[in-house]
Amino acid sequence: MTAEGGDRRAGLPARLRALGERRRVLATRARVLAALRAFFDECGFLHVETPVRVVCPGLEPHLVPFPAGEGRWLITSPELHLKKALVALAAAGDAPPRIYEVARVFRDDEGGPWHLPEFTMIEWYRAEEGLEALVRDLEELLPLLAEAAGADPRNASGTDLTLPFERLTVREAFARHAGIDLAACREREALAAEVRRLGLPVDPADTWDDLFFRVFLDRVEPRLGRERATILAEYPASQAALARVREDPDFPVALRFELYAGGVELANAFDELTDPAEQRRRHEADRAARRAAGLAVPDLDEEFLAALEAGMPPAAGIALGFDRLLAVLLGLPGARATVAFPPDDRA
Amino acid sequence: MYETSDLRKGLKVEIDGEPYVIVEAQFVKPGKGNAFTRCKLKSLVTGLVIDRTWRSGEKIDRCNLEERKMEFLYADDQYHFMDTTTYEQVALSPDQVGDVGQFLSENLEVSVLLHNGKPISIDLPNFVELQIVETEPGVKGDTKSSTTKPAKLSTGAVVQVPLFVDQGEWIRIDTRTGQYVERVKK
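Residue numbers (our numbering), protein chains in the order written: chain A, 136 to 482; chain B, 800 to 985.
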């Protein structure tokens with residue numbers, strides 16, 4: 136650093152001065168990303184780059200995509216194109232494909248220290264394998280990335296990543312942390328009564344899922360991924376998104392899990408839905424929900440549905456929030472602190 | 800009504816008819832659900848802090864608050880204030896006034912916070928000047944030592960003052976800390 140360095144810094148806009156002060160975090164970020172790519176490359180995953188500007192950015196009613204010109208949107212996840220690639224590679228023969236992408240994804244209308252309107256998502260798929268294979272990937276990958284970050288894998292924001300992950304179903308978690316048997320509360324009124332019993336507010340417009348999340352956010356989530364990482368599995372079927380559903384007569388569940396570490400949700404995994412008719416039905420239901428809520432209604436991705444018609448192999452897929460993971464590994468107070476250019480309104 | 804996107808630190812809202820100020824607001828969004836805003840709020844009446852979570856789309860009541868300059872009149876089992884332009888009088892309980900009540904002197908101008916026309920709290924100026932009515936004799940010239948002694952003020956409050964300060968003198972008090980600042984000439 137020359138003597139002039141100080142003077143040149145003084146003239147910089149605040150955000151750029153902060154970038155310079157974060158240079159060690161940025162160097163760590165680059166190292167962790169290189170280690171992550173090496174892990175997947177060595178495990179036989181093909182890195183596939185998918186388009187960012189698409190016809191169908193994902194249809195879940197709670198996501199707000201950014202418009203990108205007539206009939207086009209920025210992706211909220213690379214899911215549909217990665218699945219198309221998985222189907223195409225499986226059809227081309229060879230071994231069951233494994234693919235991944237280091238993707239930049241975009242979600243409007245999200246704020247706070249743990250949400251960025253554009254962030255880095257690591258998404259990977261294993262054909263002919265189930266959710267267990269993804270848990271094994273995570274148990275291997277996370278300590279390895281902590282090492283790459285020069286951080287202590289036994290203390291990632293208080294979580295020991297070297298211990299076997301805690302396994303918990305959503306139903307078990309509600310029983311343990313909120314004293315609620317979800318199977319006995321499948322009607323809205325029954326769940327509303329339990330929410331009131333806990334002293335939490337109930338709004339007349341709350342859906343069953345909203346009531347579920349009131350309890351989840353207040354009583355359950357704060358207790359996940361503390362001493363050890365938690366795999367929270369088997370969500371209510373209404374929250375299946377693009378996962379398969381197990382039709383248990385007691386309590387049908389979506390074959391999904393989320394990973395928690397350092398008290399933060401880091402990843403979301405699906406035993407992937409491969410049934411084209413059911414997939415079309417869910418997409419249309421999401422579009423109807425979007426229309427009813429006055430949200431933009433993107434077109435269906437017919438190429439994706441055609442790929443499922445042709446035959447998608449059974450597969451497990453997962454999306455990991457890279458910025459959040461880095462923050463947890465380094466003990467930083469949010470995802471914003473891990474990027475070179477945290478968003479502001481002007482630039 | 801406020802939207803959940805309006806919720807941020809410092810905003811005053813009304814819950815079940817009671818005024819609160821937000822001390823912490825956090826946006827939370829589950830993977831497959833609606834967004835929520837999780838807040839810690841402090842009651843402007845009792846000072847108690849509560850947690851409250853609102854779903855995106857819920858409406859939150861605004862708070863009809865008004866701040867008025869009033870003069871302190873006197874205290875019995877309550878503290879009495881008057882708006883000197885309208886001559887309207889209000890009374891607050893010792894709990895509502897809090898520790899700063901001991902620094903209220905006659906005709907002191909304070910700011911009274913009213914909710915739906917009912918007084919709920921007061922704000923004193925950061926500094927007030929009060930006369931010492933009782934303390935041990937001053938030690939002349941001792942402006943260096945950090946030793947202090949108790950001094951009783953005209954309002955009944957007792958504060959720690961340096962040894963050189965004498966009975967009958969006026970001093971300036973920081974009402975936010977309740978501490979002596981300096982002597983003032985009157």
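The set of hints was computed from the structure by calculation and includes no laboratory data.
The structure presented is a predicted model; accordingly, all values stated were derived computationally and were not measured.
Beta carbons: idealized from backbone N, C-alpha and C, even for Gly.
Heads up, a few of these hints could be off.
[Unchecked claim] From the structure, some residues in chain B lie toward chain A, with a derived Cβ separation under 10 angstroms: (1) Val822; (2) Phe826; (3) Lys828; (4) Gly846; (5) Asp850; (6) Thr852.
Tested hints:
Interface restraint check for Val822 of chain B: the shortest CB-CB distance to chain A comes to about 16 angstroms, outside 10 angstroms, so the restraint is violated. With 10 angstroms as the threshold, the beta carbon of Phe826 of chain B comes within range of chain A, its nearest partner Cβ sitting at about 4 angstroms, so the hint holds. Among the interface hints, the one on Lys828 of chain B holds; its C-beta lies about 6 angstroms from the nearest C-beta in chain A, closer than the 10 angstroms criterion. Hint on Gly846 of chain B is violated. Least Cβ distance to chain A is approximately 20 angstroms, over the 10 angstroms limit.
Here the hint on Asp850 of chain B is kept, as its CB sits about 8 angstroms from the closest CB of chain A, short of 10 angstroms. Given the 10 angstroms rule on beta carbons, the hint for Thr852 of chain B holds: about 6 angstroms separates it from the nearest Cβ of chain A.
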